[in-house]
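Chains A and B supply the protein sequences, listed in that same order.
Numbered by the numbering used here, the letters in the first sequence go through residues 186 to 304 in order.
Numbered by the numbering used here, the letters in the second sequence go through residues 4 to 365 in order.
Among these hints, one or two may not hold up.
DSS-like mimics (lysine-lysine), calculated; alpha carbons at most 30 Å apart, straight line [what the hints assert, rightly or not]:
1. Lys-102/B / Lys-114/B
2. Lys-114/B / Lys-126/B
3. Lys-297/A / Lys-101/B
4. Lys-126/B / Lys-305/B
5. Lys-101/B / Lys-82/B
6. Lys-297/A / Lys-114/B
7. Lys-275/A / Lys-260/B
8. Lys-297/A / Lys-276/B
9. Lys-126/B / Lys-275/A
10. Lys-276/B / Lys-275/A
11. Lys-114/B / Lys-101/B
12. Lys-251/A / Lys-305/B
13. Lys-275/A / Lys-297/A
14. Lys-101/B / Lys-126/B
15. Lys-275/A / Lys-251/A
16. Lys-102/B / Lys-251/A
17. Lys-276/B / Lys-260/B
18. Lys-126/B / Lys-102/B
Simulated from the structure, these hints should not be mistaken for lab results.
Predicted, not measured: the structure shown is a model, and the values here were computed from it.
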Amino acid sequence: QINSIRIQSRKETTTDAISAPRDDEESAVVIFSVSSCCMCHAVKRLFCGLGVNPTVHELDQDPRGKEMERALIRLLGASPAVPVVFIGGKLVGAMDRVMASHINGTLVPLLKEAGALWL
Amino acid sequence: MSSTTVHVTTSGTIGLYEPHKKISMWRDPSSSIMASPGDASSSLQAEAVNENKFEYEYASHQVIGPTISGEDAIRLSEKMQRRLAQNREAARRSRLRKKVYVQQLETSRLKLAQLEQELQRVKQQGLCAGPSLHANVGFAGNLSAGVAAFEMEYGLWVDEQNRRNVELRNALQANVSNVELQILVEGGLNHYYQLFRIKADAARTDVFYLMSGMWRSSVERFFLWIGGFRPSELLNILMPQLEPLTPQQQENISKLKQSAQQAEEALSRGVDKLQQTLAQFMFTEGLGIEMYGIQMASALEKLNAIEGFVNQADHLRELTLQLVSQLLTPHQAARGLLALGEYFHRLRALSSLWAARPRDQG
Chain A
186 QINSIRIQSR KETTTDAISA PRDDEESAVV IFSVSSCCMC HAVKRLFCGL
236 GVNPTVHELD QDPRGKEMER ALIRLLGASP AVPVVFIGGK LVGAMDRVMA
286 SHINGTLVPL LKEAGALWL
Chain B
4 MSSTTVHVTT SGTIGLYEPH KKISMWRDPS SSIMASPGDA SSSLQAEAVN
54 ENKFEYEYAS HQVIGPTISG EDAIRLSEKM QRRLAQNREA ARRSRLRKKV
104 YVQQLETSRL KLAQLEQELQ RVKQQGLCAG PSLHANVGFA GNLSAGVAAF
154 EMEYGLWVDE QNRRNVELRN ALQANVSNVE LQILVEGGLN HYYQLFRIKA
204 DAARTDVFYL MSGMWRSSVE RFFLWIGGFR PSELLNILMP QLEPLTPQQQ
254 ENISKLKQSA QQAEEALSRG VDKLQQTLAQ FMFTEGLGIE MYGIQMASAL
304 EKLNAIEGFV NQADHLRELT LQLVSQLLTP HQAARGLLAL GEYFHRLRAL
354 SSLWAARPRD QG
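Excised from the complex, chain B in its bound form (with noise of 0.2 Å):
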């Protein structure tokens, strides 16, 4: 008994090109449509007009006369049990794309549904990290969405950096040459740059987020200089990686370091300055309560001076880092390049392990 109960009429309208609904026809034991031949022949006969060959095959055999040889019939029916077979071959196959489909629309389901729980976090962390003056929590929801893409940039900065330290370190051992190695020095540089471009991006979006150094790891936020490395302190790390230098390279960046030490003095005490401007702009004498949004407008001003002073320190980075390349032979660059990738990649190795040494239990 056929699978597939089908209301079967000898009309005309029986469309061969829906074989497996004829065929059921056939199929049925209970029918005696192969017991009687004549009313197939009639009703395909009607359907000669159908480009399907079978149909024809079909036809054909009833062109001749009503009858329909056993023999005939029986490679007809192989052949009907053919096409029968193939659409349930093709039926299932569908049945099977289709619980692909649904169990891959599950999977998406569950994943949005953590990445929404995955958010709900980092607002919930952005929220709390930073110090209690948000001002509204729908404000500090859009800052975390940024706040979120500034350290998966980073994160990939990092693994970039990382590669490109492995890179130059080979490159180096390999003794390539300095065309070479210049290549690598200027990517390395720029890749630096790149960092300043993103934390730009940052810095309009959160300043504050960004000075506090949260974004980087533990130990290196120990050494954070508005927002980042202290360049003359970049210098003292590289000069003992560069030996050997000429005297009048030692003479050079003696005067470079000088230099980025007086520019890091000014933007300190700028920055010491701002701090108690906006002290001050919090208490102020005799004042009464119509003149507190005047006050906290002024220091709303003010506090969009942090960001002027955080492109300028990390304009002071990238003046440092191209004055000192400028400075040094392709090998010595690129050997500078690598110490300094060496040590912060070095202050987040020791971050780690700090994080993770025993403590003292009572």
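If we strip away everything but chain A, and leave its shape as in the complex, we get (with noise of 0.2 Å):
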């Protein structure tokens, strides 16, 4: 079973249910999500309008979606899982965090840091 994420690379984050891709622009931001989740939609259109191109999962229509919404749960501790927010394989976390580190300048550089962003 899952316990912990491990964060084998910047550009990686590993788990036994919860993987990204290996290309690396596309796994600079990862973004956990359920397709009906309308908070969800609101934090890939902040990416989006940033010009970032998040991998997004759709806890709904994965197969191993069970086991890595129990993950998020457990790193998060709290219900809902979803949206969840890794950059640059470091977990930023749920909106509440997003919408805090982008007011106070912080998500950018961060974005920057990973390749997500340029300019």
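If you follow the hints, you should be able to join the two separate chains into one complex; please do so.
What follows is the structure, encoded as structure tokens:
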């Protein structure tokens, strides 16, 4: 079972259930979402608005969705499990944390550092 | 003739501790007890054991002999009369107290009736003001109680806000120290954060009421964005009031405004998506009556998400206030807070004027 999320490299996040594709650019920003979740839609729109192309895992469309959901809840200690954002392999958090980091100006540098944003 | 009619006996059971009863015997002109001291003395002697000073005095006169002198009798009668008067007075005060108490009860009863009427009226308003999609009357009743409570709390919040504004204005005019200004600024910010907490409670009770902005004045409602003010708009209002700003400050505030706008955009799109999804839930083709219940249950689930958006919007407001205050000097922050308070105050005043404006007849 999944007990922790092992971060192997800045460009890759690997667990038994949660894994990111190898493509460097795409795996810089990973969003765990549910297709019908509107808050997830909002977070996706935020990143798209910034010019980022995130990798999105829709838990309701992934065969390992249930496992991932449980892992996320364990990680964040809260329900709902989505949306959750990882940047450059590091956990940023749910909508709250994403908003806070954007407003306090730390999100964009983080994105640039992860190679998800240029300019 | 005494006002109290008392059945008096000369047995030892007459209690001189009930002197008014005994006294009535004395005061009764038809009785000839005064004329027959012998009768009095025998009963009085039986009461000699009573601690009553009056009785001791009384009794002492009898120890000497069976007769009481006229003088003594008059003195005793005077004492009794005094005692009588005191008791009358006590009784009168007691009746007065009772009267006051009853009056208070009556007032409370009226007040209770008024409050019940008011509650009924609020319930009625709660049913009419909102959209017609109330689940059932009972539930709406509960919501209205929460709504009434929120309105009251908000009213108090506004009063406190106005008070703080006056305090800020005075402090700025008096040129108080930066430390003092900082304290006022912290207090003012915390007061806004308190509003967000109150709103969070209200969102749990009735998120649609919160979103409708019915708890705010009409002009404020015109500017409503997800249940409150738009953070980027707030920065637009504040910036001219904060002059002079250093170039660094200007740059930082511009960045903050841009971030706020982007966050607002994201949340707005999220709410749009929610509306879309909800609308789709209402019309799905080819479903039988069995699916209707499931459909409605899913729709209910969707509605829960609205609270999340209101919370995020308030969170964004709080973040914006926090961040902008960190970018400013105490003096600037104080001016900013005052400007903000003044802005909303004027919106409210404008709403009142608007409501009171003369309308064209015909």
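> Within 30 Å, alpha carbon to alpha carbon, are Lys-101/B and Lys-82/B?
Replying inline: 28 Å, holds
> Has the given pair, Lys-297/A with Lys-276/B, been kept, meaning a C-alpha gap of at most 30 Å?
Replying inline: Roughly 29 Å between the alpha carbons, so the hint for Lys-297/A and Lys-276/B holds.
> Does the alpha-carbon distance linking Lys-275/A and Lys-251/A stay inside the 30 Å limit?
Replying inline: 22 Å, holds
> Are Lys-275/A and Lys-260/B close enough, with their CA atoms no more than 30 Å apart?
Replying inline: 26 Å, holds
> Going straight from one Cα to the other, do Lys-101/B and Lys-126/B come out at no more than 30 Å?
Replying inline: Violated, at roughly 37 Å.
> Is the Cα-Cα distance between Lys-251/A and Lys-305/B 30 Å or less?
Replying inline: 20 Å, holds
> Taken at face value, is the distance from the CA of Lys-101/B to the CA of Lys-297/A at most 30 Å?
Replying inline: Outside the cut-off at roughly 81 Å; violated.
>> Hint check: Lys-276/B vs Lys-275/A, CA-CA at most 30 Å. Holds or violated?
In response: 28 Å, holds
>> With the threshold set at 30 Å, check whether the alpha-carbon distance from Lys-126/B to Lys-102/B stays at or below it.
In response: 36 Å, violated
> Is it true that the CA of Lys-276/B sits at most 30 Å from the CA of Lys-260/B?
Replying inline: 24 Å, holds
>> Run the distance test for Lys-102/B versus Lys-251/A: straight-line Cα separation, threshold 30 Å.
In response: Cα-Cα ~73 Å, so violated.
> Going straight from one Cα to the other, do Lys-114/B and Lys-101/B come out at no more than 30 Å?
Replying inline: Roughly 20 Å separates the two Cα atoms, so the pair holds.
In summary, the numbered hints that this structure violates are 3, 6, 9, 14, 16 and 18.
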